[in-house]
Amino acid sequence: MDNAYVPFKEANAFYGNLYQFLTDLTIFGVSPIPDWLAYLIAGFLIVFSVINTVVIITTLGTWVERRLIARFQSRLGPNRWGPWGLLTPIADAVKLLSKEDTKPDGVDSWVFNLAPLMFIVPPILIFAVIPYSHNAYISNLNIGILFIIAVTTVPTVAMFMAGWGSGNRYSLFGAMRGVAQLVSYEVPMVLSIVGVLLFVGSLSMVDIVERQFVPFILVQPLGFFIFFIAISAEMNRSPFDIVEADSELVAGFHTEYSGMKWGTFQLAEFIAPFGAASIMTTLFLKGWEGPILPGPLWFFLKVGFVWFILLWIRATLPRLRVDQIMGLAWKFLFPLGLINLFVTAAEVLAWGDPTGSEIWLMAGINWTIAVVCLVISSHLVSAKLTTRNSVLENAGNN
Amino acid sequence: MTSVLDAESLARKLNDFIPDVVEGHSEGDVWVKAESIADVCSQLKNDPETNMDYLVSVSAVDYIEYFEMVYHLRSISLNHGVVLKSKCWGREDIEVPSVTHIWQGADFQEREVYDLMGIHFNGHYNLKRLLLWEGFPGHPQRKDYLEDPR
Amino acid sequence: MPIRTEPITVNIGPQHPSTHGVFRMRVTFDGEMIIDVEPIFGYLHRGSEKLAEERTYTQVITLTDRLDYVSSMSNNLSYVLAVEKLSGIVPPERAMYLRVIVAELQRIVSHLVATGFFLNDVGALATPLMYCFREREKILDMFEMLCGARITLSFMRVGGIFQDAPSEFWEALTDFLEYMPGYIDEYERLITGNEILLSRTKDIGVLSSEQAINSSISGPILRASGVKWDLRKADPYDVYDRMEFEIPVGTVGDNYDRYLIRIAEMRESLKILQQCVNQIPDGPIRADTANLIRPPVGDAYGHVEGPKGELGFYLVSDGGISPYRCKIRSSSLINLTALKDMLVDTKLADMIVTFGSVDINMGEVDR
Chain A
1 MDNAYVPFKE ANAFYGNLYQ FLTDLTIFGV SPIPDWLAYL IAGFLIVFSV
51 INTVVIITTL GTWVERRLIA RFQSRLGPNR WGPWGLLTPI ADAVKLLSKE
101 DTKPDGVDSW VFNLAPLMFI VPPILIFAVI PYSHNAYISN LNIGILFIIA
151 VTTVPTVAMF MAGWGSGNRY SLFGAMRGVA QLVSYEVPMV LSIVGVLLFV
201 GSLSMVDIVE RQFVPFILVQ PLGFFIFFIA ISAEMNRSPF DIVEADSELV
251 AGFHTEYSGM KWGTFQLAEF IAPFGAASIM TTLFLKGWEG PILPGPLWFF
301 LKVGFVWFIL LWIRATLPRL RVDQIMGLAW KFLFPLGLIN LFVTAAEVLA
351 WGDPTGSEIW LMAGINWTIA VVCLVISSHL VSAKLTTRNS VLENAGNN
Chain B
1 MTSVLDAESL ARKLNDFIPD VVEGHSEGDV WVKAESIADV CSQLKNDPET
51 NMDYLVSVSA VDYIEYFEMV YHLRSISLNH GVVLKSKCWG REDIEVPSVT
101 HIWQGADFQE REVYDLMGIH FNGHYNLKRL LLWEGFPGHP QRKDYLEDPR
Chain C
1 MPIRTEPITV NIGPQHPSTH GVFRMRVTFD GEMIIDVEPI FGYLHRGSEK
51 LAEERTYTQV ITLTDRLDYV SSMSNNLSYV LAVEKLSGIV PPERAMYLRV
101 IVAELQRIVS HLVATGFFLN DVGALATPLM YCFREREKIL DMFEMLCGAR
151 ITLSFMRVGG IFQDAPSEFW EALTDFLEYM PGYIDEYERL ITGNEILLSR
201 TKDIGVLSSE QAINSSISGP ILRASGVKWD LRKADPYDVY DRMEFEIPVG
251 TVGDNYDRYL IRIAEMRESL KILQQCVNQI PDGPIRADTA NLIRPPVGDA
301 YGHVEGPKGE LGFYLVSDGG ISPYRCKIRS SSLINLTALK DMLVDTKLAD
351 MIVTFGSVDI NMGEVDR
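Protein sequences, first through last, are from chains A, B and C. Numbered by my numbering, the letters in the first sequence go through residues 1 to 398 in order. Numbered by my numbering, the letters in the second sequence go through residues 1 to 150 in order. Numbered by my numbering, the letters in the third sequence go through residues 1 to 367 in order.
Bound-form chain A, shown alone (with noise of 0.2 Å):
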């Protein structure tokens, strides 16, 4: 099934077999359902359960992120609702859905009102190509990584239409920063993912899963780095969340949005950090695949890891300045990745399919050069922030 479109039926287990069962189904010795019935029923069936379960877990996923964020910052965090809070995410929603849907005087309607859904969308269709384990993928698109790419830029245009739309000028701001930043990081995205489809030469992601002879974390730790800083831009995590940048421009571009049409964007932007993680976690972790514990069980780990630590950041770093970020993907980022990917070209040229001793040479010098790279560009970037001396020696002096 190299390269080819494969249909849902044969790469799915669980579609599969409801697909299966609903055609073969007889009542009576006549088939109640017909082919493109069970097609259909099938396919929603599988769609529904998957959105849902993101849903889902996104939702606990702002219980964890709370209550996390609330111990980073040593306080308790939500935990009156149920047993530790646990209800907290179900009030937050009944309290979102019953909220008066305002809309201030003079936006444009059409424009205001389309933005959210729009923003949501796309990090939702993200899981759909996302292999969860093995057969278990709602598609397995031949062009995978590149439907990604190409999906996670649309919420950059809701965040335009929402922006402008609304006819507030904090919201405009956050707006023409969201579309700076995204056209400037989906550069050195690009570029670092690119070395990964050298290894594997195809860009659908169970393939990519499936010939990961090691964790690709391990081949390209440059290429990890850089997604891993680029995909936080994208999605405008912190220390990248200039265009919400609470302290400065209120909320951003969902400033005027109020009830559920703020709490679809805050849903949108709680399911893009386990977007994100599962983009990771398939590209360099080695996706489902590890021992001993079976493959969702796996991947839900993975995922989890690299969540926590994309949350880690969050609590922890001040944000940076839009020319700064900026500066960052064209004078960091950009190089960088232009290095990763010749290097990675040139293995790929060397050792066409690597044997188990030459991985690891290849690991040994893609960390060397990492190492080094990193080192070279931050000493580059922060030569004149240096720490001031101490104030109190200045005491004397005047």
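These are calculated hints, taken from the structure and not from any lab test. Any given hint could be a false lead.
[Stated by the list, open to error] In silico lysine to aspartate or glutamate, EDC-like type, Cα no more than 16 Å apart, as pairs:
1) C/271 with C/175
2) C/228 with B/53
3) C/347 with A/323
4) B/143 with B/92
5) B/13 with B/49
6) B/13 with B/47
7) B/13 with B/23
8) C/202 with C/185
9) C/50 with B/16
10) B/45 with B/65
11) B/128 with C/318
12) B/87 with B/53
13) C/202 with A/323
14) C/233 with C/244
15) B/143 with C/318
16) C/85 with B/27
17) C/271 with C/241
18) B/143 with C/38
19) B/87 with B/68
20) C/347 with C/235
21) C/138 with C/178
22) B/45 with C/210
23) C/340 with C/38
24) B/143 with B/68
25) C/347 with C/32
26) C/347 with C/36
27) B/143 with C/54
28) C/85 with C/235
29) C/138 with C/168
30) C/347 with C/30
Chain A is fixed; fit chains B and C onto it per the hints.
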């Protein structure tokens, strides 16, 4: 300890600079003519002996018959201070020269005095109300504010 | 067709997460660059100066609490110093020591809040803020032991203080002095050397020493600009002349210096507190004054080095039971004079950071 300048010698010095500018003095306080406040201040700032480089505060007190402008001046380099006062007689259209060109720090304080006391500062580049909104009736810090027919 | 651009005017505030209250700036942007700033005040104006003219000298103390509600003790102290100067009352020694103790505790509180919100403005998602508030809570507990209140304290009285400190206060204070240096180290470890913080704050919002003096800037901002001026040393009140401490002074006068100064001042405050605890004598805590103070006719200006700068009260007495005129020299308001000079030609994000580093309190700006 911030020392207080001897008012008598300071008064003599100021009188040498601008004749008859000083109307009176007591310990630490010097009363000068309202119309020459800015000249006196710039003299006090530029004279290396006084070197009043820091304007602590600008206040106005309503004594019914007259308003008293009070300038607390201080020299950070020499660590001494003096209080300049000047009496502005009357209730309406009181004008005092602004000292914003000498100390930028007078900017908001003069605007506040204008806002709450209704004293105009000639030469202030942006004399608008500070705390109250434009069009607020009267100047509430005045003693007769509540008696104003509004 | 040539592309036409035009500056965009944005009202930052009065409702904005980072204006520390109801401050409003009308900012004109060229893209993200600031070309003009016009501060607009008055959204929290309560007429404290006018109200003071209707109240007795003791009652005015409660008004001063509500000026800078993050540092009520310093406000109280400044006011009672002015009244004491006006009426010639000398408080007993123990009261003076206790005043210094609470004033320094209040300085730590205010600097904790300032540092926390400053880092929040830089964008550190409330983590440093929560760290800072953790210790602030301990100090507020101590204030509660002293006078039953946590924010609006009204602890000072003319000629002394409200009541002597209970024994648990001293235990809490000793504990606090033990662990607080470690916590300040923790803040520093958390973020002082962070490269994002450095790149966001160094050489941003620079204020030269000449301009700082000319604009009547006071407090940590003046010292960050390289002027070694602290009223606790230059014009000591209460028992500050017996204390040994350093005045931290910055070199550049940028946001980073202001942040460092506040951290260093917290450490110096701890030194002062330790000395006070060692030196404090036994004795009465209030001078023998009449309940209704009638200062002689005259005027007096009392000031303290508050956490945010020089807070002064200019009182005029006509011999009655309430001040004839009570002018408040508000450090927060006057520190904003140089705001425009600091902000022009920086970016929107820098504006928030610079404004956070100035550390104003709207209660004191608008009075």
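- Task: Given the hint that residue 347 of chain C pairs with residue 36 of chain C, test it: the Cα-Cα distance must not exceed 16 Å.
- Result: Answer holds: residue 347 of chain C to residue 36 of chain C is near 11 Å, not above 16 Å.
- Message: What's the verdict on residue 45 of chain B and residue 65 of chain B, does the C-alpha distance respect the 16 Å limit or exceed it?
- Response: 31 Å, violated
- Measure nothing beyond the straight line between the CA atoms of residue 45 of chain B and residue 210 of chain C; if it is 16 Å or shorter, mark the hint as holding. Holds. Residue 45 of chain B to residue 210 of chain C sits at ~13 Å (cutoff 16 Å).
- Task: Would you check the hint for residue 143 of chain B and residue 92 of chain B, treating anything up to 16 Å between C-alpha atoms as holding?
- Result: 14 Å, holds
- Query: Does residue 347 of chain C pair with residue 235 of chain C here, judged by a C-alpha cut-off of 16 Å?
  - Reply: Distance of about 39 Å is beyond 16 Å: violated.
- Quickly compare the C-alpha distance for residue 87 of chain B and residue 53 of chain B to 16 Å and report which way the hint goes. 23 Å, violated
- Item | Given hint residue 185 of chain C paired with residue 202 of chain C - CA-CA distance at most 16 Å | 21 Å, violated
- Keeping to a limit of 16 Å between CA atoms, is the pair of residue 228 of chain C and residue 53 of chain B held or broken? The hint holds at about 14 Å.
- Quick one, are residue 202 of chain C and residue 323 of chain A close enough, alpha carbons at most 16 Å? Within the cut-off at roughly 15 Å; holds.
- Mind checking the alpha carbons of residue 143 of chain B and residue 318 of chain C for me, to see if they're no more than 16 Å apart? 13 Å, holds
- Query: Holds or violated: residue 50 of chain C with residue 16 of chain B, Cα cutoff 16 Å?
  - Reply: 39 Å, violated
- Task: Would you check the hint for residue 13 of chain B and residue 23 of chain B, treating anything up to 16 Å between C-alpha atoms as holding?
- Result: 13 Å, holds
In the structure shown, a violation is registered for the earlier hints numbered 8, 9, 10, 11, 12, 18 and 20, in ascending order.
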